[in-house]
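Q: Keeping their order, the protein sequence lines are chains A and B. To convert, count from 1 in the first sequence and add 8; that's the numbering used here. To convert, count from 1 in the second sequence and add 25; that's the numbering used here.
None of these hints come from the bench; they were simulated from the model. One should not assume that every hint holds.
Said to hold, decoys possible - Take a look, some chain B residues computed to stay more than 10 angstroms from chain A by CB distance: (1) A49; (2) A111; (3) T164; (4) N203; (5) L204; (6) Q257; (7) M267.
To be verified - Derived DMTMM-like pairs: lysine to aspartate or glutamate, alpha-carbon spacing no greater than 25 angstroms straight-line: (8) A:K109 x B:E220; (9) A:K109 x A:D205; (10) A:K111 x A:D197; (11) A:K109 x B:D306; (12) A:K111 x B:E220; (13) B:K147 x A:D195; (14) A:K75 x B:D170; (15) A:K148 x B:E299; (16) A:K140 x B:E224; (17) A:K109 x B:E338; (18) A:K111 x B:E319; (19) B:K147 x A:D205; (20) A:K109 x B:E319.
Every residue gets a Cβ at the ideal spot worked out from N, C-alpha and C, and that includes glycine.
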Amino acid sequence: MMGSIFNVQQVINGLQTGSIYALIALGYTMVYGIVRLINFAHGDFFMIGAYASYGSFFLFNSLLGAKGGTLAFIVLIFSVLAGGAVAAVTNRFAYRPLRYKPKLSSLITAIGVSMFIEYFFSAFPPIGPSYKAFPEILPKMQIAIGSATISNYTLIDIGVAAVLMIGLTVLVKWTPLGKAMRAVSQDKDAAKLMGIDVERVISWTFIIGGAFAGVAGLLNGMTYPRIFPYMGIQPGLKAFIAAVLGGIGNIPGAVIGAYIMGLAETFASAYNSLLGEGIAFAILILVLLVRPRGILGEKTADKI
Amino acid sequence: MRNLRFPRLLAYAVAFYAVLQLLAVTGVFNGYIMHIVNQSLIYVILVVSLNLINGISGQFSLGHMGFAAVGAYVSGTLTTIIWKLAPDNPAAIVLFIAAVIVGGAAAALVGVLIGFPSLRLKGDYLAIVTLGFGEIIRTMLNNIDYVGGPRGLLGIPKFSNFTVIFIAAFLTIVVVRNLVQSSHGRAMLSIRENELAAELVGVNSTKYKVLAFAIGAFFAGIAGALLAHLIQIAHPTQYGFMGSVLVLIMVYAGGVGSITGSVIAAFGLTFLSEGLRIVIDSLAAATGLPIGGEWRMVVYALLLIFIMLFRTEGLMGNKELKIMVIEERKA
Chain A
9 MMGSIFNVQQ VINGLQTGSI YALIALGYTM VYGIVRLINF AHGDFFMIGA
59 YASYGSFFLF NSLLGAKGGT LAFIVLIFSV LAGGAVAAVT NRFAYRPLRY
109 KPKLSSLITA IGVSMFIEYF FSAFPPIGPS YKAFPEILPK MQIAIGSATI
159 SNYTLIDIGV AAVLMIGLTV LVKWTPLGKA MRAVSQDKDA AKLMGIDVER
209 VISWTFIIGG AFAGVAGLLN GMTYPRIFPY MGIQPGLKAF IAAVLGGIGN
259 IPGAVIGAYI MGLAETFASA YNSLLGEGIA FAILILVLLV RPRGILGEKT
309 ADKI
Chain B
26 MRNLRFPRLL AYAVAFYAVL QLLAVTGVFN GYIMHIVNQS LIYVILVVSL
76 NLINGISGQF SLGHMGFAAV GAYVSGTLTT IIWKLAPDNP AAIVLFIAAV
126 IVGGAAAALV GVLIGFPSLR LKGDYLAIVT LGFGEIIRTM LNNIDYVGGP
176 RGLLGIPKFS NFTVIFIAAF LTIVVVRNLV QSSHGRAMLS IRENELAAEL
226 VGVNSTKYKV LAFAIGAFFA GIAGALLAHL IQIAHPTQYG FMGSVLVLIM
276 VYAGGVGSIT GSVIAAFGLT FLSEGLRIVI DSLAAATGLP IGGEWRMVVY
326 ALLLIFIMLF RTEGLMGNKE LKIMVIEERK A
């Protein structure tokens with residue numbers, strides 16, 4: 009029994025799920041690191057990314073006849089733009105006015121924004137509440153590796169996630185914006201005194217996080233070809249748990265957490281579907297009880 | 026002799042009850058309106074009890090409907106079994122009330138279990154854990170075949186009526202009000218304002234946080250039990266995250282910490298919701314456009330966002346109407 013659960017195939021599936029979670033979890037953790045807000049609407053940026061790629065596929069394929077790699081690139085750009093734009097707008101109009109109000113009011117606003125996006129999408133006639141079949145953007149192929157067969161989509165998911173994560177590391181470590189982001193997350197007021205435009209940095213953080221979620225939406229749509237307005241809730245919640253597991257606010261932590269989540273969930277679902285559904289919350293409660301700051305999180309003391 | 030005055034709140038409640046009952050008997054309020062009144066009263070219980078946890082003790086909980094689910098399923102299962110064994114039992118109403126209280130007690134037990142993580146967690150972390158607990162309860166109900174799984178618990182006897190629900194709502198208000206204005210309630214308020222400072226003056230924050238969860242969960246369980254016996258079904262989707270958020274919206278719309286606000290918001294938003302349903306249906310009928318019921322939730326979401334942006338303290342802030350304040354006895 010155990011042998012059939014822990015095999016190469018499952019590990020690859022787990023890495024694939026983990027890659028999608030990682031892209032979403034990065035947005036959560038970056039935003040939390042910089043403004044200390046759980047952005048409940050982040051899962052919906054993921055959903056919007058999926059719908060944007062769905063729409064742009066039909067726009068460019070049927071109307072303009074784009075195909076293959078060009079089309080895939082255009083769709084990718086649209087998912088990035090949609091995710092980033094929605095994140096920027098949400099930040100500007102829903103979160104920024106509450107920046108210096110009690111933290112819980114932002115959290116409740118975030119729940120409101122999430123609800124608004126989901127219900128607006130399902131109420132808006134051209135989109136509607138029903139499932140839509142996601143098109144096959146690139147031809148699907150099966151590749152045999154040893155005893156396992158994997159799809160080229162799996163490789164795309166893992167590869168795109170890896171490239172983006174390397175890109176983010178470079179951005180955060182070696183660019184002026186990254187330096188500013190790190191400064192703001194350490195001390196907003198001191199950063200302001202050093203001449204950093206804090207609101208601009210926060211905006212960019214939301215945009216980058218939203219763009220990552222948008223790409224995750226595209227990858228998820230390709231892999232599990234079914235999209236609907238509430239598709240962001242579950243992955244969003246699980247990616248958030250992954251971010252907490254890794255230590256919220258910590259970028260490498262979010263990635264580690266996401267891969268652990270992806271693997272744990274794949275193994276658990278292979279064992280028992282109910283366990284697969286519940287393992288995320290079990291991990292969350294365990295982490296919060298045993299090590300609330302997560303794997304890589306730093307210990308913070310309450311200031312008196 | 027002690028100066029015993031007829032408590033003002035009871036007087037208002039009796040008057041309110043009499044007016045509504047009169048309207049129902051004379052047929053001014055038809056069955057549909059009375060159903061909405063019943064639902065509003067159930068929301069009063071849910072909102073006031075969530076306000077005790079969120080507003081008064083400051084422990085942000087996002088899983089309130091999880092407690093209601095426990096109450097609904099426990100009491101629903103009990104009455105269904107009893108009803109099958111002994112149909113038309115003359116003591117049915119007594120058994121029903123007992124089942125509702127057992128449902129509430131079961132929910133309170135779960136509330137204590139959830140109260141314990143709250144000892145270590147604050148703010149948004151606690152919100153996520155309570156959300157997780159709510160989802161776990163929903164997932165479990167979805168998978169336990171004995172209580173119907175995804176079909177829901179069907180065939181619950183209809184025992185709830187206006188009188189029973191009204192009394193339950195009134196008792197909830199009285200208990201929470203008296204609690205808030207007692208030394209225990211003051212201790213809870215002090216934890217909300219500053220937990221560390223509260224501990225430094227000798228408030229046992231552990232005890233009061235768990236107590237708030239237990240009492241809040243107890244009444245949520247009662248509300249769930251009454252709802253199940255009103256609509257004769259308990260379904261996992263009723264008790265999901267969205268359900269908890271609706272109760273949360275009412276707490277914030279009414280004003281965090283204000284019981285008066287909670288009561289007004291529960292009635293106002295339940296009626297607003299039904300009103301929106303009618304407006305949207307007639308709009309759809311008049312224009313022939315496919316305007317779906319989701320627009321109602323869009324309006325709700327916008328309402329929540331606007332409350333937070335423009336009136337963070339809600340309708341009543343943390344003020345109470347005079348009838349909610351306990352009168353001081355003259356010696």
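Q: Measuring Cβ to Cβ, find out whether M267 (chain B) lies farther than 10 angstroms from everything in chain A.
A: At roughly 8 angstroms from the nearest Cβ of chain A, M267 (chain B) sits no farther out than 10 angstroms, so the non-interface label is violated.
Q: Between the alpha carbons of K147 (chain B) and D195 (chain A), is the straight-line distance 25 angstroms or under?
A: Roughly 21 angstroms separates the two Cα atoms, so the pair holds.
Q: If you draw a straight line from the CA of K75 (chain A) to the CA of D170 (chain B), is it 25 angstroms or shorter?
A: Roughly 49 angstroms between the alpha carbons, so the hint for K75 (chain A) and D170 (chain B) is violated.
Q: Taking 25 angstroms as the top limit, are the C-alpha atoms of K109 (chain A) and E338 (chain B) close enough?
A: Answer holds: K109 (chain A) to E338 (chain B) is near 11 angstroms, not above 25 angstroms.
Q: Would you check the hint for K111 (chain A) and E319 (chain B), treating anything up to 25 angstroms between C-alpha atoms as holding?
A: violated, 29 angstroms
Q: Tell me if the straight-line CA distance from K109 (chain A) to E220 (chain B) falls inside 25 angstroms.
A: The given pair, whose Cα atoms are some 19 angstroms apart, holds under the 25 angstroms limit.
Q: Check the non-interface label on N203 (chain B): least C-beta distance to chain A beyond 10 angstroms or not.
A: At about 27 angstroms from chain A, N203 (chain B) clears the 10 angstroms cut-off, so the statement holds.
Q: Between K140 (chain A) and E224 (chain B), does the CA-CA distance stay at or below 25 angstroms?
A: Violated, at roughly 55 angstroms.
Q: Take a quick look at whether K109 (chain A) and E319 (chain B) sit within 25 angstroms of each other, Cα to Cα.
A: Violated, at roughly 30 angstroms.
Q: Please verify that the nearest CB of chain A lies beyond 10 angstroms from A49 (chain B)'s CB.
A: At about 33 angstroms from chain A, A49 (chain B) clears the 10 angstroms cut-off, so the statement holds.
Q: Check the hint pairing K109 (chain A) with D205 (chain A) against an upper bound of 25 angstroms on the C-alpha distance.
A: holds, 20 angstroms
Q: Confirm or reject the statement that Q257 (chain B) sits farther than 10 angstroms, beta carbon to beta carbon, from all of chain A.
A: holds, 27 angstroms
Violated hints for the displayed structure, listed by number in ascending order: 3, 7, 11, 14, 15, 16, 18, 19, 20.
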